[in-house]
Amino acid sequence: ETGVTQSPTHLIKTRGQQVTLRCSSQSGHNTVSWYQQALGQGPQFIFQYYREEENGRGNFPPRFSGLQFPNYSSELNVNALELDDSALYLCASSLKAMGKGSEKLFFGSGTQLSVL
Amino acid sequence: GENVEQHPSTLSVQEGDSAVIKCTYSDSASNYFPWYKQELGKRPQLIIDIRSNVGEKKDQRIAVTLNKTAKHFSLHITETQPEDSAVYFCAASRNNNDMRFGAGTRLTVKP
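Keeping their order, the protein sequence lines are chains E and C.
For the first sequence, the positions run 1 to 116 when the numbering used here is used.
For the second sequence, the positions run 1 to 111 when the numbering used here is used.
For reference, chain C alone in the conformation it holds in the complex:
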């Protein structure tokens, strides 16, 4: 089955700086790669996703890149704000039937 690895496990940045979180996946047939943000005590919420036919996608301060050959994808957050502080999870699936998550990255944005 799919195996997703996520790095780093913790990340601390200064407000206004950029943050990058990286994930690798094992199943070359995976074609859907979402990112979720989970604040303490709350449900995971989808923040951005990308499909395997696209190399990059951007939504305001958030962008995701995908390298299918290397089987890795990354989340980029620019101009970070304290409210970006949360745990971020990457995930990978084949047609979303069996979505596997990374272990998470705890992002802290210092004011």
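Isolated chain E, as found in the complex:
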């Protein structure tokens, strides 16, 4: 059983640029959630993807967007980067059963994004 993997591990961008972060879900999982974790804070929910569609969104602007692929892997895209976007971006996978909520979240190690 493979765990949740994220790439890249670290990334440095400048303000105004665009970034794409990638996540491979744990084997057997069909749902991916993305979180932003600022230094010293708890993870903040960005959105969740299930069956290649957005299935819930937190309080983040539209310049945060995502995709889920048929193999359940996912991308997080952030346009027009701002300095405050500097954070650890965590991906978590889970298994959502038909008609039920997702089970336990398993996190990847994250991508540390620095916006200069």
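Take these hints with a grain of salt, some might be off.
Claimed, not checked - Listed next, the in silico DMTMM-like pairs over lysine to aspartate or glutamate satisfying Cα-Cα at most 25 Å (straight line):
(1) E/K13 / E/D84
(2) C/K42 / E/E53
(3) E/K104 / C/E56
(4) C/K22 / C/E5
(5) E/K96 / C/D27
(6) C/K110 / C/E39
(7) C/K57 / C/E39
(8) C/K37 / C/E5
(9) C/K37 / C/D17
(10) E/K104 / C/E5
(11) C/K71 / C/E56
(12) E/K96 / C/D49
(13) E/K104 / C/E15
(14) C/K58 / C/E5
(15) E/K104 / C/E83
(16) C/K57 / C/D84
(17) E/K13 / E/E75
(18) C/K37 / C/D27
(19) E/K104 / C/D49
(20) E/K104 / C/D17
(21) C/K42 / E/D84
(22) E/K104 / C/E2
(23) E/K96 / E/E54
(24) C/K57 / C/E5
(25) E/K96 / C/E2
(26) C/K71 / C/E5
(27) E/K104 / C/D59
(28) C/K37 / E/D85
(29) E/K104 / C/E39
(30) E/K104 / E/D84
(31) E/K96 / E/E75
(32) C/K22 / C/D84
(33) C/K71 / E/D85
(34) C/K68 / C/E5
Unchecked claim - Partial list, derived from the structure: chain C residues whose beta carbon lies under 8 Å from chain E:
(35) P34
(36) E39
(37) R43
(38) P44
(39) R100
Hints were generated in silico from the structure; no laboratory data involved.
The beta-carbon is built from N, C-alpha and C at its ideal position, and this holds for glycine as well.
On the provided structure of chain E, position chain C as indicated by the hints.
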């Protein structure tokens, strides 16, 4: 949406003592309450969880209690060890579709 508050933000205990971390939530429809442990530079890892149809759950030195009426839940760690030192996060969600986390508690266990 759900709002989760966590206290204290830092907690220091002597090895062997107990540690208690408390969280409150706002959405009465929340039904799943996990706790995560995050060591420095590592990913959050699930240590215990509880569903709204249960009032208490225990796993060795770790226990979680839930009071649905008061909308609060707590993590209890007994016989603490230095390796318990980490940041602990509580979270709440409705069917795990939209999990919201507390701000975290930095636990330090002094040998």
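Structure-based check of each hint:
1. Distance check on the hinted pair: E/K13 and E/D84 sit about 12 Å apart at the alpha-carbon level, within 25 Å; holds.
2. Distance restraint check for C/K42 and E/E53: the Cα-Cα separation of roughly 29 Å exceeds the 25 Å cut-off, and the hinted pair is therefore not satisfied.
3. With a CA separation close to 18 Å, the supplied pair E/K104 and C/E56 stays within the 25 Å bound.
4. Restraint check: the Cα-Cα separation between C/K22 and C/E5 comes to about 8 Å, which is no more than 25 Å; the hinted pair holds.
5. Using a Cα cut-off of 25 Å, the hinted pair E/K96 and C/D27 holds, with the two alpha carbons roughly 21 Å apart.
6. The hinted pair formed by C/K110 and C/E39 meets the criterion: a straight-line CA distance of about 16 Å does not exceed 25 Å.
7. A C-alpha spacing of about 23 Å is found between C/K57 and C/E39, which places the hinted pair at or below 25 Å, so the restraint holds.
8. Of the pairs offered as hints, the one joining C/K37 and C/E5 holds, with about 16 Å between alpha carbons and a cut-off of 25 Å not exceeded.
9. A hinted pair counts as satisfied when its Cα atoms are at most 25 Å apart, and C/K37 with C/D17 qualifies at roughly 18 Å.
10. For a cut-off of 25 Å, the pair hint linking E/K104 to C/E5 stands: about 21 Å separates their Cα positions.
11. The hinted pair formed by C/K71 and C/E56 meets the criterion: a straight-line CA distance of about 14 Å does not exceed 25 Å.
12. The straight-line distance between the Cα atoms of E/K96 and C/D49 is roughly 17 Å, inside the 25 Å bound, and the hint therefore holds.
13. For a cut-off of 25 Å, the pair hint linking E/K104 to C/E15 is broken: about 30 Å separates their Cα positions.
14. Taking the CA atoms of C/K58 and C/E5, the gap is near 22 Å; set against the 25 Å cutoff, the hint holds.
15. Of the supplied pair hints, the one linking E/K104 and C/E83 holds, its CA atoms being roughly 23 Å apart against a limit of 25 Å.
16. As the CA atoms of C/K57 and C/D84 are separated by approximately 19 Å, the hinted pair is consistent with the 25 Å bound.
17. Taken as a hint, the E/K13 and E/E75 pair is honoured in the structure, with Cα atoms around 17 Å apart against an allowance of 25 Å.
18. For the hint linking C/K37 to C/D27, the alpha-carbon distance of about 23 Å falls within 25 Å, and the restraint holds.
19. Between E/K104 and C/D49, the direct Cα distance comes to roughly 9 Å. Compliance with the 25 Å bound is thereby established for this hinted pair.
20. Of the supplied pair hints, the one linking E/K104 and C/D17 is violated, its CA atoms being roughly 29 Å apart against a limit of 25 Å.
21. Between the alpha carbons of C/K42 and E/D84 the distance comes to roughly 22 Å, so the proposed pair stays at or under 25 Å and holds.
22. Of the supplied pair hints, the one linking E/K104 and C/E2 holds, its CA atoms being roughly 18 Å apart against a limit of 25 Å.
23. For the hint linking E/K96 to E/E54, the alpha-carbon distance of about 14 Å falls within 25 Å, and the restraint holds.
24. For the hint linking C/K57 to C/E5, the alpha-carbon distance of about 21 Å falls within 25 Å, and the restraint holds.
25. For the proposed pair E/K96 and C/E2, the alpha carbon gap of about 20 Å is at most 25 Å, so the pair holds.
26. With a C-alpha separation of about 11 Å, the suggested pairing of C/K71 with C/E5 holds against the 25 Å cut-off.
27. For the given pair, E/K104 sits about 16 Å from C/D59 by alpha-carbon distance, which is consistent with the 25 Å threshold.
28. Proposed proximity of C/K37 and E/D85 is supported: the alpha carbons are some 24 Å apart, at most 25 Å.
29. Restraint check for E/K104 and C/E39: the C-alpha separation of about 19 Å stays at or below 25 Å, so the hint holds.
30. Taking the CA atoms of E/K104 and E/D84, the gap is near 29 Å; set against the 25 Å cutoff, the hint is violated.
31. A threshold of 25 Å between alpha carbons decides the hint, and for E/K96 with E/E75 the separation of about 19 Å falls inside it, so the pair holds.
32. Distance check on the hinted pair: C/K22 and C/D84 sit about 17 Å apart at the alpha-carbon level, within 25 Å; holds.
33. For the hint linking C/K71 to E/D85, the alpha-carbon distance of about 32 Å lies beyond 25 Å, and the restraint is violated.
34. Using a Cα cut-off of 25 Å, the hinted pair C/K68 and C/E5 holds, with the two alpha carbons roughly 15 Å apart.
35. This hint holds: C/P34 has a C-beta 7 Å from the nearest C-beta of chain E, less than the 8 Å allowed.
36. Given the 8 Å rule on beta carbons, the hint for C/E39 is violated: about 12 Å separates it from the nearest Cβ of chain E.
37. Contact between C/R43 and chain E, as hinted, is supported at the beta carbon level, the nearest pair being about 4 Å apart and thus within 8 Å.
38. The beta carbon of C/P44 is positioned within 8 Å of a beta carbon in chain E (closest approach about 5 Å), and the interface hint is therefore held.
39. Annotation: C/R100 was flagged as interfacial toward chain E, and the flag holds, the nearest CB pair being 6 Å apart, inside 8 Å.
The earlier numbered hints that this structure contradicts are 2, 13, 20, 30, 33 and 36.
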